[in-house]
Amino acid sequence: MPILHLNGTVSAVFSLLTITALILSFVMLASHWIKNHILAFAIQSWVIAVLSAFIGIAGHFPELIAIAILTALLRGTVLPYLLIKILDQAHLGREFAPLIQSSTSMVLGALLVLLAYGMALHLAPSGSVPDPTIWMALTTLFAITLIGFLMLVLRTEALSHLLGLLVIENGIFLGSQILMPGMPLLLELVILFDLLIIVVTFGILVRYLKTEVGSTDSRALRRLVG
Amino acid sequence: MLWILVGLLFAITALSSIGCWLIPSGRVAEALNLTAAAVDCVLVGVLLARTPSHGVETFHHYLLLNPLGLWVMLCTALVYLLASIHAIGYMRGMREESARLNRFYALFSAFALTLFLAPIQNNPGLFWITIELTTITSAFLVAFQRAPETIEAAWKYVIIASAGLSLALLGTVLFYWAGTFAIGPTYNMTWSRFAAFAPGANPVLILFAFLLVLIGFGTKVGLAPMHTWLPDAHSEAPAPVSALLSGALLNCAMLGVVRYLEVLRRSPVYSYAQTTLIALGALSLLIAALFITRQRLIKRLAAYSSLEHMGIMAIGFGFGAPFGVIGALYQMLNHALTKSAVFFGAGNALHAYHSKRITKIRRVLDYFPVSGALWLAAALAITGAPPFGLFWGEVTLLRGGMAGPNAWAVAWTGILLIVVFIGFLKHFRFMYFGPMPAQIPDTTLHWTQVAPLALSVGAVLVLGLWWPHPVWIYLSAIARHFEPN
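Line by line, the protein sequences give chains A and B. So in this note's numbering, the last one in the first sequence is 226, and the numbering has no gaps at all. So in this note's numbering, the last one in the second sequence is 711, and the numbering has no gaps at all.
Mixed in with the good hints, there may be bad ones.
Unchecked claim - Now the in silico label distances, taken between C-beta atoms and shown as ranges:
(1) Tyr81/A - Ala240/B: 27 to 35 Å
(2) Met320/B - Leu196/A: 25 to 33 Å
(3) Ile204/A - Phe285/B: 27 to 35 Å
(4) Ala66/A - Ala637/B: 50 to 58 Å
Claimed, not checked - To give a feel for the contact side, a few chain A residues facing chain B, derived at Cβ under 8 Å:
(5) Leu121
(6) His122
(7) Leu123
(8) Glu169
(9) Ser176
(10) Leu187
(11) Leu192
(12) Leu205
(13) Tyr208
(14) Val213
(15) Asp217
(16) Arg219
(17) Leu221
(18) Leu224
Honestly, the hints are just simulated from the structure, not real lab data. No residue lacks a Cβ here, since even glycine has one placed at the ideal position from N, Cα and C.
Let the hints inform the model, and build the full structure from the sequences given.
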């Protein structure tokens, strides 16, 4: 249901933020330096936090402002900090042998955005006047999610897989903030907490990978087949 | 009263986990974990008998006790108890891990705790989170023996399961969104609320959300083609953990799919949802049959058999009420018991022959007359041969499919079950009646490594010879929730 009836300026700021979040996932797709990925992820999280606060104020959902603060703190600060710690412990710099070139992955990403737009067209409620907010939200939601999956597929470095998962979550979070700002507060809190546990788990597993397998490249994981 | 019992269940399991973590003694941890498992089993039994058939909600609609969830909890409790018994002898046999034994039991109880949490969730979002938590606790159990293979298995498991589950989250969110058109921006997210608005919601959106949820939880169930983590994790984990993964975790994830199926039963897309579930089940069955026939490692053989049974259950739930659902639920219980026995036997063979390779395990019956015979019976039972319980589960659910629009799946399942029967037992023929092994196996077995085998094989034999009438009544009451109208 169309929750926000936006006037010109508000709508422009809103579009700007969503598109910024989308472009930041392209930054992650193009760079092979893992530190850049983490940085882009942190900025994306802050953009989403601003967007949440913005919707909270424009749509009168006071609990969204709390969510925005938590998002900025947890997704935008704590998670990137933990990721950088994992990165330093494991002595990872960049991916040395990417599966495909940056330019190719950018083109694939662009195609996925088109696909996301197509999906949004089919899923947006028909009948009444099409609401550009919903289209925009659905397109970014699907596009960021699909790009996250693309990162999972194309990257071979363990930490990039984790970042791929986090980008998927960011996409879902962004979409849900716009489409259903009234979603129960508890659920969002638990999801944020859950993310923290996941990152800690991955941190431990990355350490195991480094000590037991000797590499954090997923191409080294070829023992179990058949 | 009921909720006090539920609280007790969680308190005891949590205390066992914390106690095991804090007290650095393997023996104390064994006792704590086993006590918790035994008490949990009794509590779930009492809950099963006492809970009214329409189910009860509490705590601002966040928790739900209903027959379907309790049935899954029953499977979990039984497997947890059996695996806790088996773990005593099995984990003592792993001498190199003896210093960390208390950690193992702490994680084991924590894993059981998350498995008990999932079926009572009334909020689909919180259900999703409990399933995500099961991934975390079980990943550390899979990685418990720090070898390159186990870490690889744990890594693949976490990555694939989390990626899959993120789709389930997307599906859940879209379901909620579909509800906002009918109810308004803020409402209590519960299964019954979802079921209430589903018939009138945008069918494209609802079906899309269901497919996302199906792929998401299906990844955790191990439905093909998202099954790739399953054989790795099941084969690299210690045997009691494999039993809990296969006999309890997969059911909990399946519960997610089934609850959403129940949500859709009055919606116009119900038959599409059923057909998709059947197609995924049929594909899982095919993949499992092919890999079982060509398998070389004993625990992977058992893991692919889990894939097969989850496929059959998916087909059963897809066939729908009444016989498909009743058969699938009976299958769930019998599979949990039988597969535990198969994994216990595989774990014992692993200890005795010091190898996972089927070619290294020879003349089991000569060296292990009792536990060998029980393992063979479990193998026969898992292929669905009479007189064991799985046979009735399969016959009932196939009967349910014959009249429906997906009758092709009945023939498909029948043919592939024969392939699995031949392929699975071929390996056992070599292991039992092949040439003498090059090395004499280590025949020391702790009694706790044999007792759970006897218990579970005995139970599936009884369930095969006699399907208790109260159980039939209980399962038909659940199946009524899956009728389209």
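Okay, the hints, checked on the actual structure:
For Tyr81/A paired with Ala240/B, a C-beta distance near 30 Å keeps the hint of 27 to 35 Å intact. Taking the beta carbon of each, Met320/B and Leu196/A are about 32 Å apart, inside 25 to 33 Å as hinted. With their beta carbons about 32 Å apart, Ile204/A and Phe285/B fall inside the hinted range of 27 to 35 Å. A C-beta distance of roughly 57 Å is found between Ala66/A and Ala637/B, which places it inside the suggested range of 50 to 58 Å.
Look at Leu121/A: its Cβ only gets to about 11 Å from chain B, farther than 8 Å, so that hint breaks. For His122/A, the interface hint holds, since its Cβ comes within 8 Å of a Cβ in chain B; the closest pair sits about 6 Å apart. At about 5 Å, the closest approach between the beta carbon of Leu123/A and any beta carbon in chain B falls short of 8 Å, and the interface hint on this residue holds. The closest approach between the C-beta of Glu169/A and any C-beta of chain B is roughly 6 Å, which is under the 8 Å cut-off, so the hint is satisfied.
A distance limit of 8 Å between C-beta atoms decides the matter here; for Ser176/A the minimum to chain B is near 5 Å, and the interface restraint holds. Taking 8 Å as the C-beta cut-off, the interface hint given for Leu187/A holds, the closest approach to chain B being about 4 Å. Against a cut-off of 8 Å between C-beta atoms, the interface hint on Leu192/A is violated, since the closest Cβ of chain B lies about 11 Å away. Given hint, Leu205/A at the interface with chain B, holds; its Cβ is 6 Å from that chain's nearest Cβ, closer than 8 Å.
Restraint check, Tyr208/A versus chain B: the minimum CB separation of about 5 Å is within 8 Å; hint holds. For Val213/A, the interface hint holds, since its Cβ comes within 8 Å of a Cβ in chain B; the closest pair sits about 5 Å apart. Here the hint on Asp217/A is broken, as its CB sits about 11 Å from the closest CB of chain B, past 8 Å. Taking 8 Å as the C-beta cut-off, the interface hint given for Arg219/A is violated, the closest approach to chain B being about 12 Å.
Proximity of Leu221/A to chain B holds as hinted, the smallest CB-CB distance being about 4 Å (cut-off 8 Å). Annotation: interface hint on Leu224/A holds; nearest CB of chain B at approximately 4 Å, less than 8 Å.
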